[in-house]
Structure formats: C-alpha cells, structure tokens
Amino acid sequence: MENHKPSKDLFVPVERTDNDSEKINRPSLSFWQDSFIRLRKNVGAMIGLFVLIALGVMAIFGPYMNSYGEFEQDLSRAKMPPKVEGLGWLGMDGTLSSVQTADTLEKAEQKAYMRFNNQEEFITLQTLNDGSNGQPAEVEAEYDVYAAKGMEDQSFWFGTDGLGRDLWTRTWMGTRISLYIALLAATIDMIIGVAYGGISAYYGGRVDNYMQRIIEILVGIPNLVIVILMILILEPGILSITIALTITGWISMARIVRGQVLKLKNQEFVLASRTLGSKDNRILRKHLVPNVLGLIIINTMFTIPAAIFFEAFLSFIGLGLPTPIASLGTLIDDGFKSLQIYPHILLFPAIVISLIMIAFNVLADGLRDAFDPKMRE
Amino acid sequence: MTRYILQRLGYMIITMFLIATFTFFLMKFLPGTPLSAADKLSEEQQAVVLEKYGLNDPVPVQYFNYMVNLTQGDLGISFQFDNREVTTIILERIGPSMTLGFQAMVIGTILGMLLGLISAIYHNGFLDYGSTFIAVVGKSIPSFVFAGILQYFVGVKLGWFPVALWEGWEYTVLPTVALAIFPIAIAARFMRTEMLEVLGSDYITTARAKGVNKFGVVFKHGLRNALIPLITVLGPLAIGLMTGTLVIENIFAVPGIGEQFVKAINTNDFPIIMGTTLLIAFLFIFIILVIDLLYGVIDPRIRLAEGE
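Chains as they are written, first to last, in the working numbering: chain S, 135 to 511; chain F, 106 to 413.
What the hints contain is simulated information worked out from the structure, not anything from laboratory work.
Heads up, a few of these hints could be off.
Covered stretches of chain F, as calculated for chain S (at least 3 residues, CB under 8 Å) [claimed, not checked]:
{"id": "1", "segment": "253–259"}
{"id": "2", "segment": "338–352"}
{"id": "3", "segment": "378–390"}
Bear in mind that the values here come from a model prediction, so they are computed numbers and not experimental data.
Using N, Cα and C, we set each Cβ at its ideal position, and we do this for glycine too.
Assemble the whole structure, with the sequences as input and the hints as a guide.
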C-alpha cells in the first residue's frame, strides 16, 4: 500500500493552556453510579431484576385480580385444570387429557370414558393407534371439565387445588408470604451481622477474641439442625420460621463485615477522622459501614433465596406454615400429593419459586461483578 | 499441624456436647410423651411405661443417663416402634441414604467439573454460556422442584425409571439425578473460575511457549492445579446433599434417614428425632473437619504457610 504523507501545513497547532491539560473530560462518577452503569450492561442481571419486580408486583396485586378468595373452599370445583381465555394453545384450556391403552380399540375407548366418570358428552376421543397393526390400541381422551361441571362462564387461571381453592390467588398470596419471610429474615440477619461483625472488628483485642470464639462454636452447629429444633419448640408460624432462619443466618454476614472492617480500620481516612475528633460511633456509621455496604448488599442478596429455599424445605418435612396459610413451600408440598394426575397444582408454585431463586442468584452475581472495581473498563 | 488437629477435635467435642445438651433439654420442653396416644391406660400402666423410658427420674438424672448412654452409642428406645432401639433403626436406614448421597456426590462433581472445564476452555463462547446457564439454573432451582419434574416427565410420562420406592438399582436413578444437580452446578461454577485463573497464569504460558499442546496444557498443567481448591467446596456440597436427602427421600419414598426423620417429626418420636439430629450434626462437623485437614495435606502451599 502506498504511503501517503500529508503535508505539514495541513496541521494547525492546538491552543493549549494549563487549565485544559488538567481538565477532566469524563464525568466524575461516584462508586454507586459507576456500579450502576456496570450493572445495567449485565443483561442477565437486568432480566433478573425485571423478573423480580414483576413477581413482586404480582405478589402485591395478583390476589386481587380475580374474584376468588384465598381460603374460599368449594369441593364441587376441586382440582379444576387451569383455563385462560385465549391461551388454549398453551394447554390452559380447562381440559384434562389422558392416554389409555388396551388390546382392542373398543376396550381402550371404554377405559378412556371410565377414566372421566363416563361423561361421554364432554369427552372427545382421538384414536392414536387402532390396534390393527399388532400393537395395543391407544386412545387419547380429552375431558372438558368446565363444561362437565357447568362452569363454562368461570375460569381459574391456574386451576384449583384439592379443596377447590383458586390457585392463582393462592400462588400469589404464597409468593407474598415467602418473599415476606425471606426479606424479613435477610434484614434481621443483616442488622445483627453488621453490628456483631463491626463491633468485633472495630474494638479488636479481647472483645474481638471472645466474640470470635462464640462464632467459632456457632459455626460448627449445622444450621439445618438448629432451624428444625427451633421450629419444633416455637410452633410453626411466619414469625417462628423467620426467627429460626435468623438464629444462624447472621453468622456469615458477621464474618464478612468483620474481615472488611479489620482491613479498613487502619487506613488513613479513618485516622484522619479520628484526629478530627470523631467518636467511635460516628466512625463506624459514617466511614466503615458505607465502605462495606457493597459486600453487605451482595451477601443479603444471596441470603434471600437461601431463606426462600429453607421455608419451602421446612414445609416439606412437615414443619412449614400451618394450614390454611399458603406459602410457596406449602403449595409445592400440596402439589406433590396429586402430581401424577393433576400436575398443574405443583406446576405454578414450582415455576414461581424457581423464577425467584434464579432471578435473585443472577442479580446477586451481577451485583458482585458490578461492585468489583477490578471489573472497571 | 498436630496442635491444629487437636484444637479442631476439641472444638468438635465441645460442639457435639452443646448440641446434645441443647437437643436434650429442648425435647424436655416439648409437649407430648410416649403416653400421648394412650390416655386409656391406668395410672399404674402409665407409670410402667414412663419407667421403661426412664422418664420417672428427675430431669438432671435423665440428662446424666442420656449423656452416659450416648458415649456408648446408645440413643434410647423409640416411642413409635415398641422396644426398638434408636441406634438399630438408624443403622438399618443409613444404607440407602449413603448410597444416594455418595452416587450424587461422585456423579455430580465429575459432571460439574467437566462442564466447568468446557466453560473455561471455550471462554465466552457458546458452550461457555450454555454451561454457565446450566450452572445458574442448577444452583437456583430447589432440588424438590427438580425432583417433581423428573418424577412427572421421566417417571410418569416416559416411564423410563420407577417413580418411587427402593427395590433395586433402577430405583436409585431418579433420586440420584435430583440430588446431583446441586453438586453439578456448584462444581461447574467453581471449576470454571479456578480453571480460568490457572489458564491465565505464568506457568501455563511457559508450558505453551515450550510447545506443550493444548490438551497437555489443559489436563496436565491446568486441571491438576485447579483441582486443589475444589476440595474446599466439597464440604458445603456434602452438607447441601444432606439437606437435600431429607426431602428427596420423602418424595421418592426411599427408606433412609431423612424419611425416618420426617416421620419422627410428624409422630413426636423424640428419641428418634434426637438420634437423627445428633447423627446429622456429627456427620456435618466430621465432614468439615476431614476436608479442612485434607486441604492442608494436599496443598503444599498451605503446609508451608503454616510452617512459617
């Protein structure tokens, strides 16, 4: 390639003053602005954030979107499949289907009718295999439950459970309660953990020594055991589950805060503040805690899904919230009882809990990256 | 090192003692005796039953007896099953739990490591995003939800494996898979981070400069060094699996410790609750100890640091 050399008179010297050379061209960003910009670039974390906001909104307003109450039982409408107008193609058309096999077509059809109480007028049969090619005959039956019960004018968006309670209302009420327990537990963990870790590290010496010995013993006790034992004495309930979760939950927070404060407390800005006459209390609140805040937020974000998991877990081993209160855990536990025939009872709470857990984890990962100054471009 | 081990053993004994004491007095506070269901018994009969369980003694004596028996491996008699010793019941049921936990642990860590390895080798490529996604989903979705999916689709719809019970090898498949998803996710995430760090280090560049092929670099120089820190996650993994088995055994009706524990909770069978709690606590503490010690033994850098 030919090398063009531009002539020198095309160039004009730039007028430079001392002021210009020191000028800061990029806007000055605080730590939080900078982190937020990085977080916004993280697609996964943003999706997680929006999913959480959407689920949060549904947890607040969802139960009021239809006219069915959370505890409204009606056995005549028990175990109705989900039905949403216009979403029939998703399988939410209010029908139950079942594939029956038998030696002959006739027998298979008979079995299919039997399966749905012989209400032939509401059953549509579809022959999958007429049995002529040596294989057993297969018939798929579709049973329009809403028509059979004369409830065409109604639609339960998520179906109903074994007692005829609307699952849409119960799922969102359950989400609300699960989120409430998790947020409450995470907040309490945060307060205790930050106070304990901060005091332990800041005062150091003998105080730190004793406080750390206590933590070392507590860490050795499996939180699973503690949580179960606490629930056993406290009687299951929203408050007792929250207390049980926080009894060991604050320890990891305390350790993280302690480590960070130990690192920070000998730095010059703390010394400067002290020289200017700040009291311990002020140094902790104004200088140390804000600098640990990033880590505190990340850790809390990981605590919340853990708390949601534990709440559901407790429901599973029979220590969950007492009936009839709905939480994601009790709903899932309930769904397992009729999983084989009515999978929809398990489906929706399972989807919601999975979404919450994934969203929190992705968002927490994103925040961790965003708060890490090494990731700055 | 010896001093460190002794110190750790000391803590372990203190912790076990505290847990045993705590559980004992907790059980004393709880309502319900072996008599709960048998109100029709006459007073003499009640006294006989209470005598059998040693419940007529004052609480401090009961506590002392319990502790002495505990050191001899005697956990008392079950309320629920007449005349059956808790130790025997637990020993009978430890097999399935161990099988499940062990299979899930081995399969999970190996698959997870492979996923993490693929992620690191094809960093920022399609395969990396794929396996990172699997890892995030696997870490987030609770094992019981995953168990439900498996049970319905693989068990009921496809009919490939039995949905529940415990009668042979094929019965272990679904619960093992349901449990393994957690170690897969954790091992994959961890392996990816470690491997990326190792592959970026100077000795890898040196090896490459000297003409070692990609395979040799990744497996001989990279993998070996990335494996060491993996030991640190084995502890939390094992604990996660223990938590998981409690629910998974119930979902798949596996006759293991977890299932017995839940039954005991629902029937107020305190001796079994206490026995299982102590067992879980012991395993938990023991695993952490072993892994901490193992870590020191395997990584020469840690040994050196302690020697200084």
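Hint by hint, here is what the structure shows:
no., hint, verdict
1, 253–259, "holds (count 4)"
2, 338–352, "holds (count 5)"
3, 378–390, "holds (count 6)"
When held up to the earlier numbered hints, the structure conflicts with none and fits them all.
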